[in-house]
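Construct all of the structure, not just a fragment, from the sequences and the given hints.
So the sequences go chain by chain: A and B. Per the numbering used here, residue 1 is the first one in the first sequence, and the count goes up by one each step. Per the numbering used here, residue 1 is the first one in the second sequence, and the count goes up by one each step.
I should point out that these hints are in silico values taken from the structure, not numbers from a laboratory. Treat each hint with caution, since some may be false.
[Said to hold, decoys possible] If you only want the chain B side, here are some residues facing chain A, beta carbon under 8 Å, derived: (1) 53; (2) 248; (3) 254.
[Stated by the list, open to error] Derived list of chain A stretches under chain B, where covered just means 3 residues or more per stretch with a C-beta under 8 Å from a C-beta of chain B: (4) 221-230; (5) 354-361.
Small disclaimer: the values here were computed from a predicted structure and weren't measured. Positions of the beta carbon are idealized from the N, C-alpha and C atoms, including for glycine.
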Amino acid sequence: SMWACRTIRANVHRRGVSTAPSARHNELASLSLMEAKEWLDTSKTTSVELVEATLAQIEHSKHLNAWTSVQNTEKLLAAAKEQDEQRAAGVKNVLGGIPLAIKDIFNVKGTVTSCSSKMLANYVSTYTATVCEKLEKNGAILLGKTNMDEFGMGSLTTFSHYGPTINPYSPKDKQLSPGGSSGGSAVAVAANMCYGALGSDTGGSVRLPAAWCNVVGLKPSYGRCSRYGMVAYASSFDVPAIFAKNTTDAALLLDAISGADAYDSTCLDENVDLEEFFQEKSLDLTGLVVGIPQEYNTAEMSPEIQQLWVEAANWLASHGAEIKTISLPHTSSALATYYILAPAEASSNLARYDGLRYGHRDKASDKKSVAELYTQSRTEGFGDEVIRRIVMGTFVLSQASYEDYYLKAAKVRRLIKEDFEKVFKEEKVDVILTPTATSGAPEIGKKLDNPVEAYTNDVMTLPANLAGIPAISVPTRLVSGLPQGLQLMADHFEERKLLRVARVLEKHRLSE
Amino acid sequence: MNEPFKPPNTCVAHVDAGLPGALPVLNDFCVDQAIRCGTALNGTINARSRFDRKHYFYHDLPLGYQITQYFEPVVTGGYLSIPLEGTNDEKKIRIERIQLETDSGKSIHDGHPFLSLVDLNRCGLALMEIITYPDVSTSAEAGAFLRKLTHLLKHIGVCHSEFGEGLRCDANISVKLVGDPEYGTRCEVKNLNSVKALMDAIEHEAQRQVDLLEAGGTVELETRWFDPLKKTTSTGRKKDDKVDYRFFPEPDLPALYISQSRITEALKSLPELPAETKRRLINDYKLSVGIAEMLSSSEGAAEYFQNAVNTLGKEHATLVASWMTNEIFAYREEYGNKWDFGSIPLDITRFADILKMLIDKRIIGLTAKKLVALVMTDKDPRTPQEIVLANDWEIAATEEAQVDEKLVELCKTIVEKSQKQVAEYKTEVGRRDRIFPWFVGQVMKELRGKGNPAEIGAILQKHLD
Chain A
1 SMWACRTIRA NVHRRGVSTA PSARHNELAS LSLMEAKEWL DTSKTTSVEL
51 VEATLAQIEH SKHLNAWTSV QNTEKLLAAA KEQDEQRAAG VKNVLGGIPL
101 AIKDIFNVKG TVTSCSSKML ANYVSTYTAT VCEKLEKNGA ILLGKTNMDE
151 FGMGSLTTFS HYGPTINPYS PKDKQLSPGG SSGGSAVAVA ANMCYGALGS
201 DTGGSVRLPA AWCNVVGLKP SYGRCSRYGM VAYASSFDVP AIFAKNTTDA
251 ALLLDAISGA DAYDSTCLDE NVDLEEFFQE KSLDLTGLVV GIPQEYNTAE
301 MSPEIQQLWV EAANWLASHG AEIKTISLPH TSSALATYYI LAPAEASSNL
351 ARYDGLRYGH RDKASDKKSV AELYTQSRTE GFGDEVIRRI VMGTFVLSQA
401 SYEDYYLKAA KVRRLIKEDF EKVFKEEKVD VILTPTATSG APEIGKKLDN
451 PVEAYTNDVM TLPANLAGIP AISVPTRLVS GLPQGLQLMA DHFEERKLLR
501 VARVLEKHRL SE
Chain B
1 MNEPFKPPNT CVAHVDAGLP GALPVLNDFC VDQAIRCGTA LNGTINARSR
51 FDRKHYFYHD LPLGYQITQY FEPVVTGGYL SIPLEGTNDE KKIRIERIQL
101 ETDSGKSIHD GHPFLSLVDL NRCGLALMEI ITYPDVSTSA EAGAFLRKLT
151 HLLKHIGVCH SEFGEGLRCD ANISVKLVGD PEYGTRCEVK NLNSVKALMD
201 AIEHEAQRQV DLLEAGGTVE LETRWFDPLK KTTSTGRKKD DKVDYRFFPE
251 PDLPALYISQ SRITEALKSL PELPAETKRR LINDYKLSVG IAEMLSSSEG
301 AAEYFQNAVN TLGKEHATLV ASWMTNEIFA YREEYGNKWD FGSIPLDITR
351 FADILKMLID KRIIGLTAKK LVALVMTDKD PRTPQEIVLA NDWEIAATEE
401 AQVDEKLVEL CKTIVEKSQK QVAEYKTEVG RRDRIFPWFV GQVMKELRGK
451 GNPAEIGAIL QKHLD
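Here is the structure:
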């Protein structure tokens, strides 16, 4: 086993299962999604067994605090049994009987959708997000909801009403962050508690935890998947995103959740077209151009990661790709641009949380004025980081500041997008290669002098969200004993190309 | 779309309730309505317009923001001409913009002893806001504008309800000293649920501001609430005017691009506009400006007129028009806003029948008036011919022939006796409409009312010309 976990011997007697998973359950849980499918199709296992195996892992990894809620066992087994029966009857469900995890930012009817916030700790969804509906329609078993940074705001999964999620790669004496904001989903996949998971990526919230937890994190193009039912943080940045154990698994999940939705006016009707990817298994990259953006070689980047970057470029070159140094001149403005625009949208998207129709309501203020009710409910319901970003956002949208901050940042965003367009369209670069993070997973609870310091974790990942282009983090060899990721970015709606190169890149891990 | 009178909070979509994760979708039908309305008001349909968020916290605004079109609305410019009372002139009230936006829910403060109630049924529905330049100078003009606009909107099928229900308005009022170049600070007045309320509010508010300024005070920019019973305005939520709405582009809705073909398609269902009808009535039928204005601004009048003229002949257009405007219009009061020529008891067939009998000299004018009254007021279901027969009101042919020679003599005498009036008739062409009936009246006086005005008129005409 690749991680060092502290096993807690709890007195749990549930259906005669002890805390440590059986060998069989370990074997099943460590399968990839595609392998699990194959085992199901060849009757080597059943969906019921897969659910039991993953539940055993969940029980065993409780201390990682990856989940905000796990579905009722009876219901899960019933759903699994249903899938087994359908399979036996010849029904072909692409994800039939495969257990998955859902970040607690997605509405799933009947579940609490808390966004890891006190504000929504009592909110039970009345409808299911489109992407989750698609998973269900394809036969997936949704095991439960995973922990996150409150409302998606954070890079370490430490800003949660339910406490931090622990990185399974933490050494014995420390608790490391899994990254954020989709830390729970990343850990759920990394610790074999499911075969894939949904997260959301607004500034790197899936790619960063993927890198630090040794799994694949795929951020689709903006407009590829429906946002309907995904609680909004920054509407023009948010995308539903995927955690998986390998790139092929990720591709399968992308295929399942992408597509137009009448309820989302920003979701386009474009076929993701992965036929060729699934059929053509060649690792030959002849004819493809990989760009290395010089501006991403920042002062903060550790020498080990720089080394890793060089290795990755050589690895791709050895498969026939042409490596080319490129320039994305406005990269250094990305951090500031993001932290003006995203909080602005957040301050707007979170205005609806007033405790009046649902969510946390301060009962004491009930008999006072509406203004007091709102103020108290929101002050109590939101955590510090959320309040910080709402205040920042309100400031940049205020009449006196709008032109100097919001409008300026919106213009710079366009310049950043144009940097990418020039490189992809004029210079004919196919994919861009960078590391996903500039350092390894930090320790949880380490005091920062300035909360804004934490924002620098996102420098590598932010530009893709600003430009709306697809990006993926692929796990690679350990760096200083901890997981790291390599990031690939492609032009808007070029997930096909992205995955093709990612499939080659992920083999680098095994080359050691 | 909602029907009225649904129980509270039974027509609420996810996004209307501000549920987490819900997204808005643009109602294409409403865009087409905006295209039609913008065209009818002579505005420019913008090829590209955008949506924006306008933020404020209120319990009937679940999202904490309204979706509107602050930066680039769907229609800019345009005008509506209103008739100026007492003249044949018109005044153009210019439109600044028409924008699409979402409605908020309804707050009910008097439905519970100590709680305010919120009904979200209409929340999220699309509104079309028509904003004018401050061209309206009097309360009368405001009333005329609102009436004309209401008629136009109903005529083109953009509005189906009465003013006060589907159609609401706010007024911004400011005053200035005669001779001053600029108007003073304005106040916005809300809660105007009728044309009368609008006019009363303007009168009161203007006077209030004048009194305040004359006493040495200053007018503050604020939103005031109109009380229709007391006919006064009072300070509303003062805070609102200091509110920074933090406008920014709505990220959940892409920009709206309207092609020429979409405009053409949307306008296919646009009927003839009132201004064009008015022009046509003046040009084709030689109706007076005043009458053409009345016929083109009354619901169903143009069709009614057209049908009658088609039946009776173009030469009787003036007769038809004057009977509609003088006789039938008199019954308007009991119908109020719901007046529609298409649905009055006197249907077009019977109206044409009455006039035909008059034209054919089978009945006198007074009889025709009686017939109109019987149908309009008493809702008599019979045909005019049946009523005339039952009451023996038809003029016998013989009576006419007997009176003829004596009548001609009488008319001649009257004309010779009244040289002053004859001179007036011959020189003041504009006043002919008023002088001619005097002659008729003189003859009728001699006949002690037992004459046929039409026949008398024809004879007099010969002698006067």
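Outcome of the hint check:
Because the beta carbon of residue 53(B) sits about 6 Å from the nearest beta carbon in chain A, less than 8 Å, this interface hint is met. A least Cβ separation of about 6 Å between residue 248(B) and chain A falls short of the 8 Å threshold, and the interface hint therefore holds. Among the interface hints, the one on residue 254(B) holds; its C-beta lies about 6 Å from the nearest C-beta in chain A, closer than the 8 Å criterion. Counting residues of the region 221-230 of chain A whose C-beta lies closer than 8 Å to any C-beta of chain B gives 4; at least three are required, and the coverage claim holds.
Counting residues of the region 354-361 of chain A whose beta carbon lies closer than 8 Å to any beta carbon of chain B gives 4, which reaches the threshold of three, so the coverage claim holds.
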